[in-house]
Amino acid sequence: QQQVRQSPQSLTVWEGETAILNCSYENSAFDYFPWYQQFPGEGPALLISILSVSNKKEDGRFTIFFNKREKKLSLHIADSQPGDSATYFCAASEGQQGTGSKLSFGKGAKLTVSP
Amino acid sequence: GALVYQYPRRTICKSGTSMRMECQAVGFQATSVAWYRQSPQKTFELIALSTVNSAIKYEQNFTQEKFPISHPNLSFSSMTVLNAYLEDRGLYLCGAREVGGYAEQFFGPGTRLTVL
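Keeping their order, the protein sequence lines are chains S and V.
Just so you know, the first sequence maps onto residues 1 to 115 in our numbering.
Just so you know, the second sequence maps onto residues 1 to 116 in our numbering.
Quick caveat, the hints were computed from the structure, so don't treat them as lab data.
Some clues are possibly wrong.
Lysine-lysine pairs mimicking DSSO-like chemistry, simulated, CA-CA at most 27 Å apart [as the list claims (entries may be wrong)]:
no.: 1; chain 1: V; residue 1: K66; chain 2: S; residue 2: K107
no.: 2; chain 1: S; residue 1: K107; chain 2: V; residue 2: K42
no.: 3; chain 1: S; residue 1: K107; chain 2: V; residue 2: K57
no.: 4; chain 1: V; residue 1: K66; chain 2: S; residue 2: K71
no.: 5; chain 1: V; residue 1: K42; chain 2: S; residue 2: K110
no.: 6; chain 1: V; residue 1: K42; chain 2: S; residue 2: K72
All chains, please: the whole structure from these sequences, using the hints.
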């Protein structure tokens, strides 16, 4: 059972546009949501994360919008650059301070930024 | 900063043989280490979660007999793929979490296993 779902599976935007990647989840107990960026041949790198007590988290060009009631969140990448072309994974876990809690991953969204 | 190294980056083994992969946390103390396998379709499968001073928890479809894990201290973990077959191919990722902090999990670059 897929606990974290992502859409779209792939997205192409022009350089300078805002890319929006969506994520939804099933488990109401999830309270920590990281986004990972993965380039081909590399491991996933933590990009930005949000706790369920917040509805927005910004870090430079990257913003997470979180809607707890609808169990949805989205990653907005402003002023997209060709170097942002990668696969992005939404993940979730419960018990954000528990080192024993595991992450559930979505299947990823491949972003292509065209110059 | 927090870094996670994995060794080897790539390995090829014959069907039926075993191979060991290592994970090293640098710059932080890894209380827990999670081993994942990422399929060619990019899907993550959690193999097991290892927390220092606790038993290693294996996920369904993964066993200690097939994927024995060692987590002897707060900076190192290793996992062996025993008796590897084609279905064991993939990118094996180590994700480590800091002591006492929030749940940020930092990943290594992975060990890509090819089985001939």
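Outcome of the hint check:
1. Between K66 (chain V) and K107 (chain S) the alpha-carbon distance is near 25 Å, which keeps this suggested pair within the 27 Å criterion.
2. For a cut-off of 27 Å, the pair hint linking K107 (chain S) to K42 (chain V) stands: about 7 Å separates their Cα positions.
3. At roughly 23 Å between alpha-carbon atoms, K107 (chain S) and K57 (chain V) fall within 27 Å of each other, so this suggested pair holds.
4. Pair hint K66 (chain V) plus K71 (chain S) does not hold up; C-alpha atoms about 36 Å apart against a cutoff of 27 Å.
5. Note on K42 (chain V) and K110 (chain S): the hinted pairing holds, with a Cα-Cα distance of about 10 Å set against a maximum of 27 Å.
6. Taking the CA atoms of K42 (chain V) and K72 (chain S), the gap is about 22 Å. The hint holds against a cut of 27 Å.
Hint 4 from the list above is the single one not met by this structure.
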